[in-house]
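*Asks:* What follows is each chain in one-letter form.
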Amino acid sequence: MKPESAPSSLGSGFLLSRLRRAFRGTLVWYGFLAAPLFLIMVFVGYPTFLAFQQSVYTETPAGDVFAGTFHFQRLFSSQVFWGALGNTVLLGVAFLAIILPLATIFASMLNRLRRGATPLKVIYFLPQLTSSVAVAIMFNYVFQPDWGLLNGVLRSLGISQLPLWLADPRLSLTGSRAAVTLLAVWAGLGYFIIVILAGLQSIPTDLYDAAAIDGASPLQSWVHITLPSLRPTFIFLIMTGTVDALSRFGDLWTLGGPGGSPARSLQSVVMYMFQQGFESNDFSLSAATAVVFFVIVLVISAISFWGFLRREFKAIR
Amino acid sequence: MRPLLRHFLLLSTTAIAASALSATAPAMAQDKTPVTVLTIGYPDKDSTDAVTGTVSPGIGNLETAFEAANPTIDLVVTNIPWGEGATGYAPKTEAMIQANESCLYEMPGAAGYARRGLLSDLGALIAADKDFKNVWGKQIETDKVWGPTAKSLYYIPNNTGERVIHWDATLFANYGVEPLSKNPTLDEIAAKAKALTGTDPVTGQQTYGYYYQGKYAVWQFLSIAHAMGANWGSVDETGKMTVTWNTPEYLKALQWFVDMAKYAPSGALGSDGMPQGFLSDDNVVAIIPEGEQGYFIQPLIANPELQKRFRSSFNLRGADGVGGVATISPMAMAESCTNKEAAWTALKWLAGSAESQKYYFDSNGRIPVSDNGAAALPQIAAFPDGDVVLTQPQFAEAPYPWAADQPRWAMQTALEGALAGTLSPADALAQAQKETDDWLAQQAVQK
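Going down the list, the protein sequences come from chains A and B.
For the first sequence, UniProt numbering begins at 1 and goes up steadily by one.
For the second sequence, UniProt numbering begins at 1 and goes up steadily by one.
Simulated from the structure, these hints should not be mistaken for lab results.
Ideal Cβ placement from N, Cα and C applies to all residues, glycine included.
There is no bait here: all hints are sound.
Which stretches of chain B does chain A cover? Using the computed rule of at least three CB atoms under 8 angstroms from a CB of chain A, they are: (1) 404 to 415; (2) 420 to 427; (3) 430 to 441.
Chain A on its own, in the form it takes in the complex (with noise of 0.2 angstroms):
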């Protein structure tokens, strides 16, 4: 038995010498990953594997009955759902196309001055400091239609036709969504001006002088060499930004209440989530919005990942 056995002890050594090599000195490293990996597993990880199972079963009194894909079917044919679905992506996509470019701007202003640019950005910066259920009681006043601040500038300027903002519904420019689409740039400016300044900072300043040899004008600067520097910046604020939008919650509810008022036009995907799981007790249908806004952020940080990033993974490698 003994020459049989020899093989196997001397392949476990072996094993165990390879280990100790790969681990040596980096073994206490994972010791600390493990416990905020624990955690993950156990917060994160654990109830996301709930919701999936959830989002196929049927809760009964009798106890959960497997349920197939009958929810998604309910989830696909409820018009709640894909106008909830809308705001969020009609939200978001007129949060970033108004956002970058106002960032943009004036984080170049900001960075061509020479005395007083820390107090302008720390001012700047503050609302995103504020929390955005402060925020939204704080714009609910701002944009009320009759006393508000905004339609009495509007007011004051002559104009009669005031614009409705939060008690509008409608597709409009000064509707509900026009209005959150405000708050939120207005939130979130701070933020993405001082994202850009370090973007912008961090482009080599010989380019700049190169391009002043060459007689190129400050816009021509401007357009060939800073916008082309920012790209990373600009492909990291837009996925961020895309998630922060697509995952928005506490200013909507807190100014739309559970079911986004006026007449659905400020419900998220969020929104319709909690609400059937909190409000409907729904949870199966719950469960299955999570599962889909779970792919569908996937897969926008799949194809920016590849779309955007390709290029600087490669320039890295």
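Knowing the structure of chain A, use the given hints to seat chain B on it.
*Replies:* Relative to chain A, chain B alone:
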């Protein structure tokens, strides 16, 4: 004797005396019949509002008042917060009733527990009680729900919120319009709202005849519809719910509501509170059918001058004599309660006595549900419309079993569309019906 030793002996003697006293206390309580009760959301201890200085009495005050009035019963109160989700009152109530932890329950979801056979039939207790006096008015009838086999009374309102119709007496006088009746009709409201919309002849300000809180418009609409003969539906003995939004009565009511919205401020649809200037000289809205207790009672008590200007009328009523959303907090008795006689005495006191009703108001601002309200709260009884404020809850509709479920959101959203003009009233009701039907079908699968 050394001072240290003397102090030690003094402390020891005090501790022994204290433990002897506490040992005798339960013996005294054993002479009484214990009745356990679950209450929700009252202060555990006396607390003072940091801004107003108002003192909210702790739940111990209710216990003391009860035992003073009922010396043979030991009321044992378990007071829990409302909470939310997994830590909310609902799972705690479920756990307590499953474990027979309490005899009496303040129980917002009482109808569901009644259907499951977990609650005592109070109708039977009333029938056997020669001294029973109905101090809850029509609620004893409207609050009947399905038990396991038949419809009966399984809970009694403990305290409540309410909705009255406010009207601004100054604006009525400025326009020379007759004051609103105590029991206004839809036609009267429509005519006066129209007359009161325009430029105030005295102040020159733009005024509005009507108001609604856009985000809670469903409650006002249901009162209007009920007054027009609409009926939302029913729950049968198996717990199956039928909801009928798409009926001619609801259509007529929605058309009326959409018409009335023209006399409201343009921002009403986005509002979730009273109009700007309400309870001040700046008020510009004449008829405000949103008189929720939290908005007006304390300010009117604090400033009696306001009572003359901001008046109250009863909510709209249907042919059955009731109307207005019910926001009662029900008190029920567990079927598993072993000392029902004492528990019934406690339930009647908790839900109907002047002392308990005063406590609910002082601690949480809740309105009395019984005839004893005027005696409990003389400061409200002294309002020019004190009788309206104190007795409106007795005429409220039966609680809506779907009040926190999809039928509410379906109707609310449809209403918003109709009020904003993005949906016709007919389309709005069709949409509400479809969404509600889908939800009901899903509920049927889950049963």
